[in-house]
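Asker: If you want the building blocks of each chain, they are given just below.
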Amino acid sequence: MTMGRGLRKLVLTTHISCSVGWFGATAAFLALAITGLNRQDAPSIGAIDLGMRWIGWFVLVPLSSASLLTGLIQSLATEWGLIRHYWVLAKFLLNVFANVVLLLFVQSLGSSSYVRSDAPPIHSIVALLLLLVATVLSVYKPRGVTAYGWRKQQERRAAASRRWQAEQVDANVPALGVPEGRRARP
Amino acid sequence: MTTHSDGDGETGNGANLGRAPSTPRWVIGFGVAFLVLVLAFAIMAASGHGPGHHMS
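The listed protein sequences derive, respectively, from chains A and B. Positions 1 to 186 (the numbering used here) are the ones given, in order, by the first sequence. Positions 1 to 56 (the numbering used here) are the ones given, in order, by the second sequence.
A hint or two may mislead.
Quick partial rundown of chain A residues pointing at chain B, CB under 8 angstroms, derived from the structure [what the hints assert, rightly or not]:
hint	residue
1	Arg5
2	Ala31
3	Leu93
Distance condition first, Cα-Cα at most 20 angstroms in a straight line; then the derived SDA-like pairs of lysine to any residue [claimed, not checked]:
hint	chain 1	residue 1	chain 2	residue 2
4	A	Lys141	B	Gly31
5	A	Lys152	B	Pro24
6	A	Lys152	B	Ser22
7	A	Lys141	A	Thr70
8	A	Lys152	B	Ala20
9	A	Lys141	A	Trp57
10	A	Lys152	B	Thr23
11	A	Lys141	B	Pro24
12	A	Lys141	B	Ala33
13	A	Lys141	A	Ile83
14	A	Lys141	B	Val38
15	A	Lys141	B	Ser47
16	A	Lys141	B	Gly48
17	A	Lys141	B	Arg25
18	A	Lys141	B	Val32
19	A	Lys141	B	Trp26
20	A	Lys141	B	Gly29
21	A	Lys141	A	Arg84
22	A	Lys141	B	Phe30
Derived Cβ-Cβ restraints for the label pairs, each shown as a range [said to hold, decoys possible]:
hint	chain 1	residue 1	chain 2	residue 2	range
23	A	Arg8	B	Ser47	41 to 47 angstroms
24	A	Leu128	B	Met44	30 to 36 angstroms
25	A	Ala171	B	Val38	52 to 58 angstroms
26	B	Gly48	A	Asp41	24 to 30 angstroms
27	B	Ala40	A	Gln165	32 to 38 angstroms
28	B	Ala40	A	Ala27	21 to 27 angstroms
These aren't lab readings, by the way, just hints derived from the structure by calculation. Since the model is a prediction, treat every value here as computed from it, not as a measurement. Glycine residues also receive a C-beta, built at the ideal position from the N, C-alpha and C atoms.
Please build the complete structure, drawing on both the sequences and the hints.
Answerer: So, in C-alpha cells, the structure goes:
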C-alpha cells in the first residue's frame with residue numbers, strides 16, 4: 001500500500017510538527033521541573049504542578065501519540081517500510097519506548113512530592129536525549145537494510161528488470177551492443 | 001561479525017548481489033544502548049524509583 005504524493009506530504013508534515021512539538025513541550029516541562037526544584041512555597045509548587053499536569057496530559061501525551069501514529073502511517077504506506085531500514089526500526093522502537101514511559105510518567109503528575117523531587121528534571125533530560133537521537137536518525141538516515149528489506153529490494157529490482165526487458169521487446173528496440181550496421185532494417 | 005561499509009544493499013552497484021548485507025556497526029551500538037536503557041528503566045521501576053511511583 002502506498003500513498004499519493006499529496007497525502008504523503010501531509011502525513012510527513014503532521015509527523016514532523018508533532019515530533020518537534022513534543023520536543024518543545026518536553027523542554028518547557030524541563031524548565032518547570034527545574035523551577036520546582038528551587039521553590040519551597042506552596043503556591044509556587046501548586047502552580048508548577050498544575051503547569052506540569054496540563055503540559056503532560058494535554059500537550060505531551062497527544063503529541064507523542066500523534067507522532068507515533070503518523071510515523072507508523074508514514075513508514076507502512078511508503079517504500080521505506082517499518083522493518084526494511086534499520087534507522088526506521090530504531091526510530092520506531094525509541095518512539096514506542098518513549099510513549100510507554102511517558103504514559104507511566106504522567107500518572108505521577110499531581111503529587112507535590114514528585115514536583116519537589118529530582119525525578120522530573122531527570123525524566124525530561126532523558127526524554128530530550130531520546131528525541132534528539134530520533135531527530136538525528138531522521139536527518140542522517142544511516143545506511144543499512146534489514147534482511148527483510150534486502151529481500152524486498154531484490155524482488156523490486158528483479159521486477160523492474162523484467163518490466164524493462166518486456167518494454168524493450170514491446171518497443172522492438174535492438175539489443176544493446178549490436179553494431180549499427182548489422183541491425184535489421186524495419 | 002563483519003560490518004559492511006558504504007557498499008550496502010542500497011547502492012545498487014552489484015558488488016554484493018546475491019547475499020544479504022551484514023548488520024552495520026551503528027545498529028549494534030544502538031541496540032546495546034537501547035537494551036541498557038530499557039533494562040535500567042525496568043530495574044528502576046521494579047525498585048520503586050521509576051515513573052508512576054509518586055502517585056498521590
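Asker: For each hint, tell me whether it holds in the structure or not.
Answerer: Hints and how they fare:
| no. | hint | in the structure |
| --- | --- | --- |
| 1 | Arg5 | violated (22 angstroms) |
| 2 | Ala31 | violated (19 angstroms) |
| 3 | Leu93 | holds (6 angstroms) |
| 4 | Lys141(A) with Gly31(B) | holds (16 angstroms) |
| 5 | Lys152(A) with Pro24(B) | holds (18 angstroms) |
| 6 | Lys152(A) with Ser22(B) | holds (16 angstroms) |
| 7 | Lys141(A) with Thr70(A) | holds (18 angstroms) |
| 8 | Lys152(A) with Ala20(B) | holds (11 angstroms) |
| 9 | Lys141(A) with Trp57(A) | violated (31 angstroms) |
| 10 | Lys152(A) with Thr23(B) | holds (17 angstroms) |
| 11 | Lys141(A) with Pro24(B) | holds (13 angstroms) |
| 12 | Lys141(A) with Ala33(B) | holds (18 angstroms) |
| 13 | Lys141(A) with Ile83(A) | holds (14 angstroms) |
| 14 | Lys141(A) with Val38(B) | violated (23 angstroms) |
| 15 | Lys141(A) with Ser47(B) | violated (37 angstroms) |
| 16 | Lys141(A) with Gly48(B) | violated (37 angstroms) |
| 17 | Lys141(A) with Arg25(B) | holds (14 angstroms) |
| 18 | Lys141(A) with Val32(B) | holds (19 angstroms) |
| 19 | Lys141(A) with Trp26(B) | holds (11 angstroms) |
| 20 | Lys141(A) with Gly29(B) | holds (15 angstroms) |
| 21 | Lys141(A) with Arg84(A) | holds (13 angstroms) |
| 22 | Lys141(A) with Phe30(B) | holds (14 angstroms) |
| 23 | Arg8(A) with Ser47(B): 41 to 47 angstroms | holds (45 angstroms) |
| 24 | Leu128(A) with Met44(B): 30 to 36 angstroms | violated (18 angstroms) |
| 25 | Ala171(A) with Val38(B): 52 to 58 angstroms | holds (56 angstroms) |
| 26 | Gly48(B) with Asp41(A): 24 to 30 angstroms | holds (28 angstroms) |
| 27 | Ala40(B) with Gln165(A): 32 to 38 angstroms | violated (54 angstroms) |
| 28 | Ala40(B) with Ala27(A): 21 to 27 angstroms | holds (23 angstroms) |
The structure is inconsistent with the numbered hints 1, 2, 9, 14, 15, 16, 24, 27, although it conforms to all the rest.
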